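Go by the hints and put chain L onto chain H.
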Amino acid sequence: MTTLDPYRERVEYAPIRFLHRLNPLAKIGATLPAMGFLLFTRDIVTPLAFLALALVLLIIGAHLPWRLWLALGLGMPVLVSFMTLSFAIWVDPDKVDRAVTLLTIGDYRLYLGSVLVGLATAARLMAILTLGLLAGTTSTGPDLVRAMVQQLRVPYRIGYTALAAYRFVPRFGHELQVIRSAHRVRGMAGGRGPIAGVRRYLGYVVPLLAGAIRHAERVALAMDARAFGAHASRTERHLVPFRSRDWVFMALFLAASAAIVLFIERSLP
Amino acid sequence: MTTKPLLEVRGVRIRHDDREAWTPDDVSFTVTPGEVVLLLGPSGSGKSTLALALNGLVPHAVPATREGTVTVAGKSTVTATVGQLSAHVAMVFQDPDSQIVTGTLMDEVCFGPENLRLPVDDVLARAERALRQVGLWERRGENPDRLSGGGRQRLAIACALALGSPLIVLDEPTANLDPAGIDEVYAVLRSLVEEGDHTIVLVEHNLDAAIDLVDRAVVIDHSGRLAFDGPVRSVLLDNVDALLAMGVWLPVSTLAALRLREAGVPIAELPLTPSELAAALDEVPSLVELPVVERSRDLDELDLVSRSTTTGAGSTTGEGSATAISVKNLTVSRGKATLLRHVSLDIAAGEFTAIVGVNGAGKTTLLQAIAGVVAPPRGAVSVGGLDPATADVRALAASIGFVFQNPEHQFVRTTVADELAHGLEIARVDRVEIGSRVDAMLERFGLGAERDVHPFLLSGGQKRRLSVGTALIAGAPVLALDEPTFGQDRERAAALLDLLAQLNDEGTTVLVVTHDMQLVADYASSVAILRDGELLSFGDTATTLAGNALEQAGLRPPPLAQAMRAVTRHPSWRSISRLADLP
Chain H
-12 MTTLDPYRER
-2 VEYAPIRFLH
8 RLNPLAKIGA
18 TLPAMGFLLF
28 TRDIVTPLAF
38 LALALVLLII
48 GAHLPWRLWL
58 ALGLGMPVLV
68 SFMTLSFAIW
78 VDPDKVDRAV
88 TLLTIGDYRL
98 YLGSVLVGLA
108 TAARLMAILT
118 LGLLAGTTST
128 GPDLVRAMVQ
138 QLRVPYRIGY
148 TALAAYRFVP
158 RFGHELQVIR
168 SAHRVRGMAG
178 GRGPIAGVRR
188 YLGYVVPLLA
198 GAIRHAERVA
208 LAMDARAFGA
218 HASRTERHLV
228 PFRSRDWVFM
238 ALFLAASAAI
248 VLFIERSLP
Chain L
26 MTTKPLLEVR
36 GVRIRHDDRE
46 AWTPDDVSFT
56 VTPGEVVLLL
66 GPSGSGKSTL
76 ALALNGLVPH
86 AVPATREGTV
96 TVAGKSTVTA
106 TVGQLSAHVA
116 MVFQDPDSQI
126 VTGTLMDEVC
136 FGPENLRLPV
146 DDVLARAERA
156 LRQVGLWERR
166 GENPDRLSGG
176 GRQRLAIACA
186 LALGSPLIVL
196 DEPTANLDPA
206 GIDEVYAVLR
216 SLVEEGDHTI
226 VLVEHNLDAA
236 IDLVDRAVVI
246 DHSGRLAFDG
256 PVRSVLLDNV
266 DALLAMGVWL
276 PVSTLAALRL
286 REAGVPIAEL
296 PLTPSELAAA
306 LDEVPSLVEL
316 PVVERSRDLD
326 ELDLVSRSTT
336 TGAGSTTGEG
346 SATAISVKNL
356 TVSRGKATLL
366 RHVSLDIAAG
376 EFTAIVGVNG
386 AGKTTLLQAI
396 AGVVAPPRGA
406 VSVGGLDPAT
416 ADVRALAASI
426 GFVFQNPEHQ
436 FVRTTVADEL
446 AHGLEIARVD
456 RVEIGSRVDA
466 MLERFGLGAE
476 RDVHPFLLSG
486 GQKRRLSVGT
496 ALIAGAPVLA
506 LDEPTFGQDR
516 ERAAALLDLL
526 AQLNDEGTTV
536 LVVTHDMQLV
546 ADYASSVAIL
556 RDGELLSFGD
566 TATTLAGNAL
576 EQAGLRPPPL
586 AQAMRAVTRH
596 PSWRSISRLA
606 DLP
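Protein sequences appear in the order of chains H and L.
Numbering follows our numbering, in which position 246 of the first sequence is assigned residue number 233; successive positions increment by one, without gaps.
Numbering follows our numbering, in which position 290 of the second sequence is assigned residue number 315; successive positions increment by one, without gaps.
Okay, chain H solo, but in the shape it has when bound:
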């Protein structure tokens, strides 16, 4: 989970790792149109092309921990195969090309058309995910908040409060654990199945919320006492400027996206 830690330190990587030096908003702005477009594609080539583009950029421009590469290298093929098969089974056979039958089990027939639809869906999801990784793995949470405050004029009170709230997550995780063991000791573990499970979790809600509200109130007092929200703006030690290279990256990425889309439109029948 280290890759998703919003407090992860900013580290200076080699000059080639250019993604880390871009404004988070540039990365999001560049990839968002492509992600949106992918939602409406049906073919297999377009997502694969975007997937390839994102992977190339990640390989060159991002310094990723080896665990993440391992997850991408091993996990992605497994996930794609799994999703392809599942989608192929779910898809309505009446709506696919039934020219080639791959498998017959009793009455059930698995068509090549179904598998291709499944593959397209899986590739689409993977492409969107990988495009998201471009911004997600190369920006820090504070930088994203700073950029939103500095460029998008999001009020800093909202941005930094959201960041402070992220600290609650591990705390609540721990508290939930304690509550669960406390309830188990009280004999609330009884019963199996989904209904007993839901009831069990409902029992955790009240103590968890009571603790959360108290904690949030205390945090709010502590932030007030340190002048948070006292002025219309606050000093930024780290400026996250939107520079020419951010414009260049956005322009190039959008151009590449358009080129992929147009080229595939034209070459496909």
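Calculated from the structure, these hints are not laboratory results.
Bear in mind that the values here come from a model prediction, so they are computed numbers and not experimental data.
Don't take every hint at face value.
As the list claims (entries may be wrong) - According to the in silico footprint, chain L covers these stretches of chain H (three or more CB under 8 Å from chain L): (1) 148 to 155; (2) 161 to 174; (3) 190 to 202; (4) 206 to 214.
Said to hold, decoys possible - Here are some of the chain L residues that sit facing chain H, going by a computed Cβ distance under 10 Å: (5) 110; (6) 116; (7) 142; (8) 144; (9) 398; (10) 448; (11) 496.
Quick reminder that beta carbons are idealized off the backbone N, C-alpha and C, glycines included.
Then chain L, alone, in the frame of chain H:
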């Protein structure tokens, strides 16, 4: 006397929107630059509320009605905003976790100055100075989560310093810390006082830690009115009876001296600190040889602290009594870490056993393994002949009750009566029987009027009593409590301990994890000291505390033991660690 006051409190009364009483009620005092003021009062007197009023959080952020004026550096806290005031008054709160909002120590310390819109260079200079003052500069790049409790509270002090405010208000800064953390925080405060640049208002129950640091004491009584204001020594020592009657806790050394005076030991001047007590005793030419069997029992006030006399002496003499808990070669690992290593101990029925150790020594792990909260390895633990590793919840509840640190965590029903009945319903006890046992329990713990109230709506002390009641109702002869006094003021802690002592007198074996060494000395009949997951020492309290196992485990002896060890003239007195053992 011509110095202009930095803080001026005039006729302040505050009423929270959901309460009837005004606490504080008509309190006035002034603080001049460089003073270190201790704000004292029983719980419910409104000390913390008053502290919140000093930087305008009351009434700006907390819904409350306020009368009177608070002026800081000439600014009224009503017209100025909390943000404007933060440049003049900084706050440090009780819970270190709820004061941290960013991901690194550096960002955390910069947070305040940034909010004040200082130029970047100033922000960095202040942050560096503040972090160096509390000794955390080298760790500036780390996540605050990696600091100990004491470290996080030091960070909170650095954040207060970085605001550049001349006045720092600390509201129970050590209530959530272990002894090592308390020492860390007081070392930092001491260096601040020595520098003399800061004015400090300290709300603190732990007088033994704070006493040699403060110049002046302001005492608020039960009804929220100003009772005393003056130099700390004369306020505490000239009004001993009034303070004790009010429920204000005096330093243990003072209490000990009072008890000795009562017993006829000629102590000319009452001491405040352990070293003063030791010096006073050395002045006395001759003292009775200890141990002394007979104790005077007519000192009602002192009994607040020494209530455990019967417990302590009584249960250790119960030789031949059955073994309540038996732990054999218990090793507990989680992931790669070994939390407990080859722990073996036998606790006799009727004991009041304290488990102590620094953070991470394995105290809670041991308690949870014994109570089956986290299943121990098979065959390692036996509670009244039952193995928690294999026992089901019902059998376990009938042999050991577990009380979590936060009572709210273990409430599972919607009324107090149902909460108590729950354990019996699970054990399929007969309806009528449940009714009578619940009634008896409600009566026993003074919750009769609250039987249909939702457990979450009880007061803090009631919640704690209910959690003890639920743990005991299935008839468990053993009660295990995980840091039951953590984060509570002394009055509530004492009420709980008296309850435990009473239960213990009636035959319940009590097992408690705690950080409070004077509590251990005064209440426990035996102590288990853990270090790095190993059992360093286990034995009856007096002998264990007289040895040096506490120091070996990184703990400090209770204040009274510190005083007595410094006594040179009367060797037989040097092993005393509890008030109850004094003549």
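Now for the hints, and whether the structure bears them out:
1. 148 to 155: holds (count 3)
2. 161 to 174: Since 10 is at least three, the answer is holds.
3. 190 to 202: holds (count 6)
4. 206 to 214: Our answer is that it holds, as 9 residues pass the Cβ test (under 8 Å) against chain L, meeting three.
5. 110: For residue 110 of chain L, the interface hint holds, since the closest Cβ of chain H sits about 9 Å away, which is under 10 Å.
6. 116: Since chain H brings a Cβ to about 4 Å from residue 116 of chain L, closer than 10 Å, the hint holds.
7. 142: holds, 5 Å
8. 144: Hint holds; residue 144 of chain L Cβ to chain H Cβ min 7 Å, cut 10 Å.
9. 398: Residue 398 of chain L check passes; min Cβ-Cβ to chain H is 5 Å, inside 10 Å.
10. 448: Interface hint status for residue 448 of chain L: holds (7 Å vs cutoff 10 Å).
11. 496: Because about 9 Å separates residue 496 of chain L from the closest Cβ in chain H, which is inside the 10 Å limit, the hint holds.
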